[in-house]
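Participant: The chain contents come next:
Number of protein chains: 2
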Amino acid sequence: MPLTEPLHAIIPAGGAGTRLWPLSRRAAPKFLLDLTGSGRTLLQQTVDRLAPLTDGGSISVVTGAVHAPAVLGQLPELGEQSLLAEPSPRDSMAAIALAAAVARRRHGDVVVGSFAADHVITDRAAFEAAVREAVAVAREDYVVTIGIEAGHPSTAFGYIHAGEPLAPDDDAATARHVVGFTEKPDVATATEYLATGEYRWNAGMFVVRAGVLLEHLAAQKPDLAAGVAQIAEAWDTPAREEILARVWPTLEKIAIDHAIAEPVAAQGGVAVVPAAMGWDDVGDFDGLAELLPADAEGVHVLGDADVLADGAPGSFVVGSGRTVAVVGVPGLVVVDTPDALLVTTREHAQRVKHVVESLGTEREHLR
Amino acid sequence: MPLTEPLHAIIPAGGAGTRLWPLSRRAAPKFLLDLTGSGRTLLQQTVDRLAPLTDGGSISVVTGAVHAPAVLGQLPELGEQSLLAEPSPRDSMAAIALAAAVARRRHGDVVVGSFAADHVITDRAAFEAAVREAVAVAREDYVVTIGIEAGHPSTAFGYIHAGEPLAPDDDAATARHVVGFTEKPDVATATEYLATGEYRWNAGMFVVRAGVLLEHLAAQKPDLAAGVAQIAEAWDTPAREEILARVWPTLEKIAIDHAIAEPVAAQGGVAVVPAAMGWDDVGDFDGLAELLPADAEGVHVLGDADVLADGAPGSFVVGSGRTVAVVGVPGLVVVDTPDALLVTTREHAQRVKHVVESLGTEREHLR
Numbered sequence: 001m002p003l004t005e006p007l008h009a010i011i012p013a014g015g016a017g018t019r020l021w022p023l024s025r026r027a028a029p030k031f032l033l034d035l036t037g038s039g040r041t042l043l044q045q046t047v048d049r050l051a052p053l054t055d056g057g058s059i060s061v062v063t064g065a066v067h068a069p070a071v072l073g074q075l076p077e078l079g080e081q082s083l084l085a086e087p088s089p090r091d092s093m094a095a096i097a098l099a100a101a102v103a104r105r106r107h108g109d110v111v112v113g114s115f116a117a118d119h120v121i122t123d124r125a126a127f128e129a130a131v132r133e134a135v136a137v138a139r140e141d142y143v144v145t146i147g148i149e150a151g152h153p154s155t156a157f158g159y160i161h162a163g164e165p166l167a168p169d170d171d172a173a174t175a176r177h178v179v180g181f182t183e184k185p186d187v188a189t190a191t192e193y194l195a196t197g198e199y200r201w202n203a204g205m206f207v208v209r210a211g212v213l214l215e216h217l218a219a220q221k222p223d224l225a226a227g228v229a230q231i232a233e234a235w236d237t238p239a240r241e242e243i244l245a246r247v248w249p250t251l252e253k254i255a256i257d258h259a260i261a262e263p264v265a266a267q268g269g270v271a272v273v274p275a276a277m278g279w280d281d282v283g284d285f286d287g288l289a290e291l292l293p294a295d296a297e298g299v300h301v302l303g304d305a306d307v308l309a310d311g312a313p314g315s316f317v318v319g320s321g322r323t324v325a326v327v328g329v330p331g332l333v334v335v336d337t338p339d340a341l342l343v344t345t346r347e348h349a350q351r352v353k354h355v356v357e358s359l360g361t362e363r364e365h366l367r
Numbered sequence: 001m002p003l004t005e006p007l008h009a010i011i012p013a014g015g016a017g018t019r020l021w022p023l024s025r026r027a028a029p030k031f032l033l034d035l036t037g038s039g040r041t042l043l044q045q046t047v048d049r050l051a052p053l054t055d056g057g058s059i060s061v062v063t064g065a066v067h068a069p070a071v072l073g074q075l076p077e078l079g080e081q082s083l084l085a086e087p088s089p090r091d092s093m094a095a096i097a098l099a100a101a102v103a104r105r106r107h108g109d110v111v112v113g114s115f116a117a118d119h120v121i122t123d124r125a126a127f128e129a130a131v132r133e134a135v136a137v138a139r140e141d142y143v144v145t146i147g148i149e150a151g152h153p154s155t156a157f158g159y160i161h162a163g164e165p166l167a168p169d170d171d172a173a174t175a176r177h178v179v180g181f182t183e184k185p186d187v188a189t190a191t192e193y194l195a196t197g198e199y200r201w202n203a204g205m206f207v208v209r210a211g212v213l214l215e216h217l218a219a220q221k222p223d224l225a226a227g228v229a230q231i232a233e234a235w236d237t238p239a240r241e242e243i244l245a246r247v248w249p250t251l252e253k254i255a256i257d258h259a260i261a262e263p264v265a266a267q268g269g270v271a272v273v274p275a276a277m278g279w280d281d282v283g284d285f286d287g288l289a290e291l292l293p294a295d296a297e298g299v300h301v302l303g304d305a306d307v308l309a310d311g312a313p314g315s316f317v318v319g320s321g322r323t324v325a326v327v328g329v330p331g332l333v334v335v336d337t338p339d340a341l342l343v344t345t346r347e348h349a350q351r352v353k354h355v356v357e358s359l360g361t362e363r364e365h366l367r
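Order-wise, the sequence lines are chains A and B.
For reference, each letter of the first sequence is one residue, going 1 to 367 in full-length UniProt numbering.
For reference, each letter of the second sequence is one residue, going 1 to 367 in full-length UniProt numbering.
Chain A extracted, bound-state conformation (with noise of 0.2 Å):
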């Protein structure tokens, strides 16, 4: 399928990875590292996938302040104006409204999209096609939303119900209704999701006129809507700062999932794009052990480091230089950086977010 309108991509890039800590650091977080060894970042990975998409479009990208500099280094090609940034984390939905909002302003009623800058999709040419499908149904004013192919019962992601096709005489045409959104389930329920054939990954991923959503977002949270409205306005005009500082602060702090996606599926106003795109979230060491090649020792390696493996399969070392030796334990985790090191194992990876807790006041430059 064509691209039948250019993409306006929005990326909003925060949230600081705390299960990939000490490699993921409040300074240094998922979306501004290379996780995959492939010379780019997750972020520029993320814009790289979205060039194809948004040609004649835009892309932004959305986040705090306090990264806006390294955003801007590691993405040249985008410049100043392609750049939001938040005074402070107000959750999903402010950020994708203010952006889609602004892009309104500057281009008219355009498809906007929303794409995580911290995932990795090692199948470009299938999410293409996912989200050249998902902006044709974005004309006929749905959320668009796409679902990832679920291949295991994962606990960690929320699952997208999908229910009849919508245009079951379009051969061509893969996207469906959207019963309903999931939180996050255990794993017997995750298990009699898969079983249906009906549920899919959701990844974050929507793609929706900018108006659709706005008046959405109107209907559904009135007060955010009118603030975000407000920032819009005054954003390409010498008042944004002032605006900024004042209105942003009193923002409604809600996901888009619950501001939008939820209630407009109830409506009937939500379709799924199902795609298989070999997506991840690289949500622990687990899973960007996974996203590695592994040596002759079966030894998943990202960074400088020179492993000697004994007994060791599976296991997953980030260097910083030094030789380092794995004996005995197969599956063990051991992320080396300058000032911190982690050891544990991938069954336990989940755990590290408590490890970062841990840290206190007094290691607070660590974090």
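Watch out, some of these pointers could steer you wrong.
To be verified - A partial selection of chain A residues facing chain B, derived with a Cβ cut-off under 8 Å:
no.: 1; residue: S82
no.: 2; residue: L83
no.: 3; residue: P87
no.: 4; residue: V179
no.: 5; residue: L308
no.: 6; residue: A325
no.: 7; residue: V326
no.: 8; residue: V327
no.: 9; residue: V329
no.: 10; residue: D339
no.: 11; residue: L342
no.: 12; residue: R351
no.: 13; residue: R363
no.: 14; residue: L366
No lab work stands behind these hints: they were computed from the structure.
Using N, Cα and C, we set each Cβ at its ideal position, and we do this for glycine too.
With chain A held as given, fit chain B onto it using these hints.
Facilitator: Structure of chain B alone, referenced to chain A:
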């Protein structure tokens, strides 16, 4: 028991300690390291322990020529004449015999005692009492060993089989005849040993009159004895270097256990003084962890490590100034040195030597 005559102590300081890599290196072997966080290296602690027993006697250290400067640096009180530098390793018999022969030339037919440079003994009073008794027994021309109370059926040590009391009518005497020595047993055999109450660990401590030792050597290994005598005669003369360089490489490589202890025990010439003195040979990281106190999280720490533990009781961290987080695996071993990092578990501590073997020529500098 008072010391019946001064002891002339011999400290063979050799062995790479490959199971303690990367802490222990060829250039910084176990005996040169402070492994207990006491502020004194194992070698220095060995000398400290022997000081009260060698008043009026002497202490000699036999070590590889490459380690001689470091040994003298750690033991400035000893002086160069206390150091016997081996041009190459010829095992313990040549080292101890040479030191004994030099001592006899310098001091007459004194009682010598050999004590490894890289063991830990926590109960010094018990050690001193055992050595005092051993010196008294050595005056009766026995080769006297000290038999360490076997706390568990270790397969890492040889055992001493104790027989009848040497002086059954002397209530103060604990020495026994030695029936024989055993090689390292399997677990079943070691368990049988312990059940009999007749077996003790062989820690390689031998106390014997110099003349007795050298006569046994002449009887058992005449070529070795002749070579040692030739070197000893030249030792305190200008001919030392020339003779040492010529004769030393020809000496048979054999341990004192095989050369003297075993055959002389078979002749009834060996006695054992049983003792419990908190002895440990610090053979691997599992053993080393036991010697160090655990923090509130149950983690044993050596060196400068800021440890964060979550579900890793019994772990052992050797630090080098960084924050180290250990998560989810009890008994982890993390040895963090400037150029090499080892991660394993205490259960696999013995496997560390295989890592050193696999370093290969490209990592020769890490040995």
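Participant: Against this structure, judge whether each hint is valid.
Facilitator: Quick rundown of the hints versus the structure:
1. About 37 Å separates the beta-carbon of A/S82 from the nearest beta-carbon of chain B, more than 8 Å, and the hint is not met.
2. Because the closest C-beta pair between A/L83 and chain B is about 33 Å apart, greater than 8 Å, the hint is violated.
3. Proximity of A/P87 to chain B is violated relative to the hint, the smallest CB-CB distance being about 31 Å (cut-off 8 Å).
4. Hint on A/V179 is violated. Least Cβ distance to chain B is approximately 38 Å, over the 8 Å limit.
5. A cut of 8 Å between beta carbons decides the hint on A/L308: the least distance to chain B is about 6 Å, and the hint holds.
6. Satisfaction of the interface hint for A/A325 is found here, the shortest Cβ-Cβ separation to chain B being roughly 5 Å, below the 8 Å cut-off.
7. The interface hint given for A/V326 holds, since its Cβ lies 5 Å from the closest Cβ of chain B, which is under the 8 Å cut-off.
8. At its closest, the beta carbon of A/V327 sits 4 Å from a beta carbon of chain B; the interface hint therefore holds under the 8 Å criterion.
9. The restraint placing A/V329 at the interface with chain B holds, with a minimum CB-CB distance near 6 Å, inside the 8 Å limit.
10. Checking A/D339 against chain B: minimum C-beta separation of about 6 Å stays under 8 Å; hint holds.
11. Because the smallest distance between the Cβ of A/L342 and any Cβ of chain B comes to about 5 Å, under 8 Å, the interface hint for this residue holds.
12. With a least beta-carbon distance of about 5 Å to chain B, the hint placing A/R351 at the interface is held under the 8 Å criterion.
13. Hint status for A/R363: holds, given a least beta-carbon distance of 6 Å to chain B, under 8 Å.
14. At a threshold of 8 Å, the smallest CB-CB gap from A/L366 to chain B is about 6 Å, leaving the interface hint in force.
In summary, the numbered hints that this structure violates are 1, 2, 3, 4.
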